[in-house]
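Just so you know, the protein sequences line up as chains A, B and C, in that order. Using UniProt numbering, you'd call the opening residue of the first sequence number 1 and step up by one each time. Using UniProt numbering, you'd call the opening residue of the second sequence number 1 and step up by one each time. Using UniProt numbering, you'd call the opening residue of the third sequence number 1 and step up by one each time.
By construction, these hints were calculated from the structure, which means they are not laboratory data. One thing to keep in mind: the hints can contain errors.
Said to hold, decoys possible - Among the chain B residues that face chain C by a calculated CB cut under 10 Å, a handful are: (1) Ser-60; (2) Val-62; (3) Ile-70; (4) Ala-71; (5) Ser-77; (6) Ala-80; (7) Phe-221; (8) Ile-222.
Unchecked claim - Below 16 Å or equal to it, Euclidean Cα-Cα: the simulated EDC-like pairs (lysine to aspartate or glutamate) are: (9) Lys-95(A) <-> Glu-143(C); (10) Lys-187(C) <-> Glu-21(C); (11) Lys-271(B) <-> Glu-244(B); (12) Lys-58(C) <-> Glu-39(A); (13) Lys-271(B) <-> Glu-206(B); (14) Lys-92(C) <-> Glu-275(B); (15) Lys-57(A) <-> Glu-170(C); (16) Lys-187(C) <-> Asp-19(C); (17) Lys-139(A) <-> Glu-38(A); (18) Lys-97(B) <-> Glu-244(B); (19) Lys-87(C) <-> Glu-208(B); (20) Lys-57(A) <-> Asp-37(C); (21) Lys-113(A) <-> Glu-150(A); (22) Lys-42(A) <-> Glu-66(A); (23) Lys-174(C) <-> Asp-19(C); (24) Lys-87(C) <-> Asp-260(B); (25) Lys-139(A) <-> Asp-124(A); (26) Lys-64(A) <-> Asp-115(C); (27) Lys-106(C) <-> Glu-143(C); (28) Lys-10(C) <-> Glu-170(C); (29) Lys-201(B) <-> Asp-260(B); (30) Lys-58(C) <-> Glu-38(A); (31) Lys-106(C) <-> Asp-93(A); (32) Lys-54(B) <-> Glu-68(B); (33) Lys-86(B) <-> Glu-68(B); (34) Lys-139(A) <-> Asp-10(A); (35) Lys-257(B) <-> Asp-197(B); (36) Lys-271(B) <-> Glu-208(B); (37) Lys-58(C) <-> Asp-93(A).
Since we're looking at a predicted model, the values are computed, not measured. Cβ coordinates follow ideal geometry from the N, Cα and C atoms, glycine included.
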Amino acid sequence: MAIYSFWIFDRHCNCIFDREWTLSSNSSSGTVNSKQNEETAKLLYGMVFSLRSMTQKVSSGPLKNEIKSIATGKYRIHVYCTASGLQFVLITDFKQQSYTEVLQYIYSHIYVKYVAHNLFSAYDFADNKNETRGQGFRKIANRNFVQSLESFLSPMIVQ
Amino acid sequence: MSQRIILPSTSDDRVFNNSDGYEYTIGPKQSLPNEASSQPTPSRLYSESLMFRKQEVSLSAVTFLFGEMIAHIHNTSKTASECEVKLNDYGFVIGSKLLELLNLRASVPSNTYLRSSNFLSSSTPTNTSANAMHSGSNTTASRTVSGVSDIYYNQENSAESLTTLISSMRSRDLTILDILQFIHGTVWSYLFGHVSDDLVKSSERENEYMIVDNLPLLTQFIPNGVSCDFFVCGIIQGFLNNAEFPCSVTPHLMPLKGFDQRVIYLIQFDKHVLEREGLRSE
Amino acid sequence: MPQAVLVINKSGGLIYHRDFEEVEVEVEDRNKPSSNDLLILASTLHSTFAIASQLTPKAIQLQQQPLPNLVPYVPMIDPDNLVPRKKLGSFKGDDYFKEPFQNWNKSGIRSIKTDQFTVYIYQSLTGLKLVAMVSNRSDTINETVVNNLLRRIYCLYSDYVMKDPFYSLEMPIKSELFDTKLRNLVKQL
Numbered sequence: 001m002a003i004y005s006f007w008i009f010d011r012h013c014n015c016i017f018d019r020e021w022t023l024s025s026n027s028s029s030g031t032v033n034s035k036q037n038e039e040t041a042k043l044l045y046g047m048v049f050s051l052r053s054m055t056q057k058v059s060s061g062p063l064k065n066e067i068k069s070i071a072t073g074k075y076r077i078h079v080y081c082t083a084s085g086l087q088f089v090l091i092t093d094f095k096q097q098s099y100t101e102v103l104q105y106i107y108s109h110i111y112v113k114y115v116a117h118n119l120f121s122a123y124d125f126a127d128n129k130n131e132t133r134g135q136g137f138r139k140i141a142n143r144n145f146v147q148s149l150e151s152f153l154s155p156m157i158v159q
Numbered sequence: 001m002s003q004r005i006i007l008p009s010t011s012d013d014r015v016f017n018n019s020d021g022y023e024y025t026i027g028p029k030q031s032l033p034n035e036a037s038s039q040p041t042p043s044r045l046y047s048e049s050l051m052f053r054k055q056e057v058s059l060s061a062v063t064f065l066f067g068e069m070i071a072h073i074h075n076t077s078k079t080a081s082e083c084e085v086k087l088n089d090y091g092f093v094i095g096s097k098l099l100e101l102l103n104l105r106a107s108v109p110s111n112t113y114l115r116s117s118n119f120l121s122s123s124t125p126t127n128t129s130a131n132a133m134h135s136g137s138n139t140t141a142s143r144t145v146s147g148v149s150d151i152y153y154n155q156e157n158s159a160e161s162l163t164t165l166i167s168s169m170r171s172r173d174l175t176i177l178d179i180l181q182f183i184h185g186t187v188w189s190y191l192f193g194h195v196s197d198d199l200v201k202s203s204e205r206e207n208e209y210m211i212v213d214n215l216p217l218l219t220q221f222i223p224n225g226v227s228c229d230f231f232v233c234g235i236i237q238g239f240l241n242n243a244e245f246p247c248s249v250t251p252h253l254m255p256l257k258g259f260d261q262r263v264i265y266l267i268q269f270d271k272h273v274l275e276r277e278g279l280r281s282e
Numbered sequence: 001m002p003q004a005v006l007v008i009n010k011s012g013g014l015i016y017h018r019d020f021e022e023v024e025v026e027v028e029d030r031n032k033p034s035s036n037d038l039l040i041l042a043s044t045l046h047s048t049f050a051i052a053s054q055l056t057p058k059a060i061q062l063q064q065q066p067l068p069n070l071v072p073y074v075p076m077i078d079p080d081n082l083v084p085r086k087k088l089g090s091f092k093g094d095d096y097f098k099e100p101f102q103n104w105n106k107s108g109i110r111s112i113k114t115d116q117f118t119v120y121i122y123q124s125l126t127g128l129k130l131v132a133m134v135s136n137r138s139d140t141i142n143e144t145v146v147n148n149l150l151r152r153i154y155c156l157y158s159d160y161v162m163k164d165p166f167y168s169l170e171m172p173i174k175s176e177l178f179d180t181k182l183r184n185l186v187k188q189l
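Construct all of the structure, not just a fragment, from the sequences and the given hints.
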């Protein structure tokens, strides 16, 4: 079990939080909200977005067919979508099948608690209403959020 | 006797004596009378290809080659019937040649083959294994065959050709049934590695016979490939025509349960073949 | 039994598609994707497949450790024609292969899991992609089994599509033989 990176995308397709670990032995290694990861974030979002729209198109029945995970020979991408259009993405090693509960916990116990319930935090991370192209958006830099996320995920980072 | 025109700058005597090729120091050599009258060294090349030997060819390679042939014919023909005629012609040549080759092979007495069985159990295992390795195969079947060829090689030292093994040629197939049996058995085994699945006489018409193949080897990968079976028809036709059984052959797809690609080769003999057959039985 | 099998050529075009109806599913329940949807599906898979290798996390790039890549062999027994086993085209023996094999799909997407089904992708060395969509209800089919199935389909492809003189490369597969053989193979699952 190893975790490589964690991402949050908002409903405007912007990456509002990213965290990448570069050393699996060191849970404090890596970057938070790094500028270098902007391109990677776009690729990642693009991939998840197009696969999501595809799987929903070929789904059967009235239920929405949400994507759960995408596996490659090297890593696995876990996706969790909320009703408000947020996407929580976790990249891990390819062995573990399901991280849905982990992502659910991050949403309900960490994001909601420290971001949604925080009066001082932005309600929407886009700078203005018409924002669609990633021109102006903020990132989650909330200290409490980052700390509690860190303490929650760090036991899983070490292989 | 040749004289040294130029004295070469070597003292090695072999330069003058034990050489086979052209010697520039000596010039053109006159053929000596005893050299001219001596027997030419027998070449294995001619007789070896006549000898039966179990050889395995990759089915993929054969079907790819066949596929290319079909594609070429397909591209150069205007109509479907032109395609079929061309394929038929290709097969015809092969069939004509097979008549000669397979009759010759069938004439090699089977006891030559039988001798090979005691050869395998005999006291010269080194020879056998060397030969098996030489033929590049280690299945039991081909070991038997390589045993045969070993005898053949041994005999070759004294005589040069396969003909010495043949005491009497196989008698010519004169009746329709005989020659069809030969096609059903020998020709099919030679071409496809197994005897054909059935040989039937038509109940409706006197001159019609059918050879059945449950899975045609060459066209098994071609969807709706029954028109490609005209190649095999050509082989049968060439074989029969050269044996003086003029006929026409057409392929027909007759699927049975479990054999979706079962093909029947319908052979229609000319009228005079039947008349001749009638005269013979009188 | 998979819901569908697709073949995607190396430029992302859908060249073969076959649906497998499950008996217990009511036909009205499934809104069938149109052929246009399937074309989009194929090209989406193809393009995201390439993106996936770009997204390799830095931690893995730093590791430089070869990851296990061998798929174990899973025999597929057909109870109907076990004896006598039918000939398998140009393949010798009673199965297409009998040893564990390398997964050639090293950095691309191997599977996509959704709420209803899982999509498995097998890639050949030439870039041909074989895709199987498996319902999540069938719990016996896992990645290894599907990889074995898709590799067998690839064997069928090499026989009944590549050896067809009337087939032009990269074009839609219309061979009935390939179709029937594939259906027989899938039935064995």
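The hints, checked one at a time:
1. Ser-60: Nearest chain C Cβ about 5 Å off; hint holds.
2. Val-62: holds (9 Å)
3. Ile-70: holds (4 Å)
4. Ala-71: Given a least distance of 4 Å, the restraint on Ala-71(B) holds.
5. Ser-77: violated (13 Å)
6. Ala-80: Constraint on Ala-80(B) not satisfied, violated at 12 Å.
7. Phe-221: It holds, given that the least Cβ distance between Phe-221(B) and chain C is near 4 Å, below 10 Å.
8. Ile-222: Since chain C brings a Cβ to about 5 Å from Ile-222(B), closer than 10 Å, the hint holds.
9. Lys-95(A) <-> Glu-143(C): holds (12 Å)
10. Lys-187(C) <-> Glu-21(C): Holds: Lys-187(C) and Glu-21(C) sit about 11 Å apart, inside 16 Å.
11. Lys-271(B) <-> Glu-244(B): holds (12 Å)
12. Lys-58(C) <-> Glu-39(A): holds (14 Å)
13. Lys-271(B) <-> Glu-206(B): holds (10 Å)
14. Lys-92(C) <-> Glu-275(B): violated (47 Å)
15. Lys-57(A) <-> Glu-170(C): Since the Cα atoms of Lys-57(A) and Glu-170(C) sit roughly 25 Å apart, the hinted pair is violated (cutoff 16 Å).
16. Lys-187(C) <-> Asp-19(C): holds (12 Å)
17. Lys-139(A) <-> Glu-38(A): Answer holds: Lys-139(A) to Glu-38(A) is near 12 Å, not above 16 Å.
18. Lys-97(B) <-> Glu-244(B): This hinted pair holds, its Cα atoms lying about 14 Å apart.
19. Lys-87(C) <-> Glu-208(B): violated (30 Å)
20. Lys-57(A) <-> Asp-37(C): holds (7 Å)
21. Lys-113(A) <-> Glu-150(A): Given pair Lys-113(A), Glu-150(A) holds - Cα atoms ~15 Å apart, limit 16 Å.
22. Lys-42(A) <-> Glu-66(A): violated (20 Å)
23. Lys-174(C) <-> Asp-19(C): Within the cut-off at roughly 15 Å; holds.
24. Lys-87(C) <-> Asp-260(B): Status holds; Cα separation ~13 Å.
25. Lys-139(A) <-> Asp-124(A): holds (10 Å)
26. Lys-64(A) <-> Asp-115(C): Given that 16 Å is the threshold and the Cα spacing comes to 8 Å, the pair holds.
27. Lys-106(C) <-> Glu-143(C): The given pair, whose Cα atoms are some 15 Å apart, holds under the 16 Å limit.
28. Lys-10(C) <-> Glu-170(C): holds (8 Å)
29. Lys-201(B) <-> Asp-260(B): violated (22 Å)
30. Lys-58(C) <-> Glu-38(A): With Cα atoms ~14 Å apart, Lys-58(C) and Glu-38(A) stay inside 16 Å; holds.
31. Lys-106(C) <-> Asp-93(A): holds (14 Å)
32. Lys-54(B) <-> Glu-68(B): Not OK: Lys-54(B) and Glu-68(B) at ~26 Å, beyond 16 Å, violated.
33. Lys-86(B) <-> Glu-68(B): Holds, at roughly 14 Å.
34. Lys-139(A) <-> Asp-10(A): Given pair Lys-139(A), Asp-10(A) holds - Cα atoms ~10 Å apart, limit 16 Å.
35. Lys-257(B) <-> Asp-197(B): holds (15 Å)
36. Lys-271(B) <-> Glu-208(B): The given pair, whose Cα atoms are some 11 Å apart, holds under the 16 Å limit.
37. Lys-58(C) <-> Asp-93(A): holds (12 Å)
Consistency with the previously given hints fails for numbers 5, 6, 14, 15, 19, 22, 29 and 32, ordered from lowest to highest.
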